[in-house]
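Please put together the full structure from these sequences, using the hints given.
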Amino acid sequence: MSRLVTPVGLMLALTFATGIVDAVGYLSLDKVFAGNMTGNVVILGMAASGTTDLPVLGPVLALVFFLVGASVAGRVLRLAGPGWSRRCTGLLSVVGVVLAGTALGLALLGAGTPANRASMASLLALAMGVQAATARHLAVKDVTTVVVTSTLTSLAADSRLGGGHGQPALRRGAAVTLIAGGAVAGAALCQLHEGLAVAAAALVVLAVTVLGHACAGHPANTTGPAVPGLGAITANTPRKKAGRP
Numbered sequence: 001m002s003r004l005v006t007p008v009g010l011m012l013a014l015t016f017a018t019g020i021v022d023a024v025g026y027l028s029l030d031k032v033f034a035g036n037m038t039g040n041v042v043i044l045g046m047a048a049s050g051t052t053d054l055p056v057l058g059p060v061l062a063l064v065f066f067l068v069g070a071s072v073a074g075r076v077l078r079l080a081g082p083g084w085s086r087r088c089t090g091l092l093s094v095v096g097v098v099l100a101g102t103a104l105g106l107a108l109l110g111a112g113t114p115a116n117r118a119s120m121a122s123l124l125a126l127a128m129g130v131q132a133a134t135a136r137h138l139a140v141k142d143v144t145t146v147v148v149t150s151t152l153t154s155l156a157a158d159s160r161l162g163g164g165h166g167q168p169a170l171r172r173g174a175a176v177t178l179i180a181g182g183a184v185a186g187a188a189l190c191q192l193h194e195g196l197a198v199a200a201a202a203l204v205v206l207a208v209t210v211l212g213h214a215c216a217g218h219p220a221n222t223t224g225p226a227v228p229g230l231g232a233i234t235a236n237t238p239r240k241k242a243g244r245p
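The opening residue of the sequence shown carries number 1 in the numbering used here; numbering runs sequentially from there.
Misleading hints may appear alongside valid ones.
[What the hints assert, rightly or not] Estimated spans, in silico, between C-beta atoms of each pair:
#1 Val72 with Leu109: 38 to 46 angstroms
#2 Ala214 with Thr52: 26 to 34 angstroms
#3 Gly50 with Ser71: 26 to 34 angstroms
#4 Pro114 with Val68: 14 to 22 angstroms
#5 Leu108 with Ala139: 35 to 43 angstroms
#6 Ala169 with Thr113: 29 to 37 angstroms
#7 Arg75 with Thr149: 51 to 59 angstroms
#8 Thr52 with Ala180: 23 to 31 angstroms
#9 Val41 with Gly181: 21 to 29 angstroms
#10 Thr149 with Gly74: 29 to 37 angstroms
#11 Ala188 with Val210: 42 to 50 angstroms
#12 Leu170 with Thr113: 38 to 46 angstroms
#13 Arg86 with Thr113: 38 to 46 angstroms
The set of hints was computed from the structure by calculation and includes no laboratory data. In this text, a Cβ means the ideal position worked out from N, Cα and C, and glycines have one as well.
In structure tokens:
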């Protein structure tokens with residue numbers, strides 16, 4: 001399975017989940033971005049002008065809870081080695097559970113009141129903060145799972161038009177496409193119920209968690225070279241005999 005499930009693929013799946021979550025936050029929870037904090041900062045900047053009716057409480061809470069989630073994950077991973085570890089599994093499990101709990105809360109309480117919308121958006125932002133810090137630790141190039149501005153910049157700057165060789169355009173293009181695809185899916189599911197959309201994101205995150213943990217769990221002494229960001233994978237690489245250089 002480890003040959004089929006790659007670090008890039010897992011992080012791209014989380015990027016898709018972020019698109020769903022941000023669609024829910026913006027469309028159903030007072031224009032709040034749970035993963036893209038740049039959007040919240042811009043909204044707050046425009047609201048500070050006093051000439052708009054843009055929300056303030058939701059984006060502020062989202063920023064605070066995102067930072068709390070990222071800080072907690074950063075502390076948990078501070079002493080963890082590179083690549084996928086049990087701590088990564090635990091943190092992403094928390095993300096999936098928080099998203100599932102938020103989906104249940106939306107199903108039971110709805111998003112009809114400002115208090116409900118603010119609390120649900122805060123939980124989503126908390127989960128995205130944990131996810132973003134975990135993805136940062138796994139360090140899959142060009143896939144942060146929560147934003148694509150830097151990915152778009154790299155895609156353009158390294159393209160043939162920009163004088164580069166267009167590498168790795170496929171990965172970068174996939175990240176942009178998947179976060180947009182997640183937003184499309186989230187918007188469509190919100191037409192049915194926003195809780196359903198968040199539940200879909202939770203399933204994606206939990207699937208990534210299970211697959212990542214399974215693929216990283218192969219014993220190091222019976223495997224080949226490690227894949228950056230995921231751990232060792234099996235390989236038919238002949239071992240050197242003792243005494244030989």
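Now the hints, each set against the structure:
Restraint check, Val72 to Leu109: a C-beta distance of roughly 25 angstroms breaks the suggested window 38 to 46 angstroms. At about 48 angstroms, the CB distance of Ala214 to Thr52 disagrees with the hint of 26 to 34 angstroms. For the hinted restraint 26 to 34 angstroms between Gly50 and Ser71, the CB-CB distance of approximately 31 angstroms keeps it satisfied. Judged by the Cβ atoms, the range 14 to 22 angstroms given for Pro114 and Val68 holds: they are separated by roughly 21 angstroms.
A C-beta distance of roughly 38 angstroms is found between Leu108 and Ala139, which places it inside the suggested range of 35 to 43 angstroms. The hinted range of 29 to 37 angstroms is not satisfied by Ala169 and Thr113, whose Cβ atoms lie roughly 45 angstroms apart. Range check, Arg75 to Thr149: Cβ separation about 27 angstroms, and the 51 to 59 angstroms hint is violated. The hint said 23 to 31 angstroms for the Cβ distance between Thr52 and Ala180, and at roughly 26 angstroms that hint holds.
At roughly 25 angstroms, the beta-carbon separation of Val41 and Gly181 lies within the given 21 to 29 angstroms, and the hint holds. Restraint check, Thr149 to Gly74: a C-beta distance of roughly 21 angstroms breaks the suggested window 29 to 37 angstroms. The hinted range of 42 to 50 angstroms is not satisfied by Ala188 and Val210, whose Cβ atoms lie roughly 25 angstroms apart. The hinted range of 38 to 46 angstroms is satisfied by Leu170 and Thr113, whose Cβ atoms lie roughly 44 angstroms apart.
The hinted window of 38 to 46 angstroms between Arg86 and Thr113 holds, with their beta carbons roughly 39 angstroms apart.
Checked against the numbered hints listed earlier, the structure breaks hints 1, 2, 6, 7, 10, 11; every other hint is satisfied.
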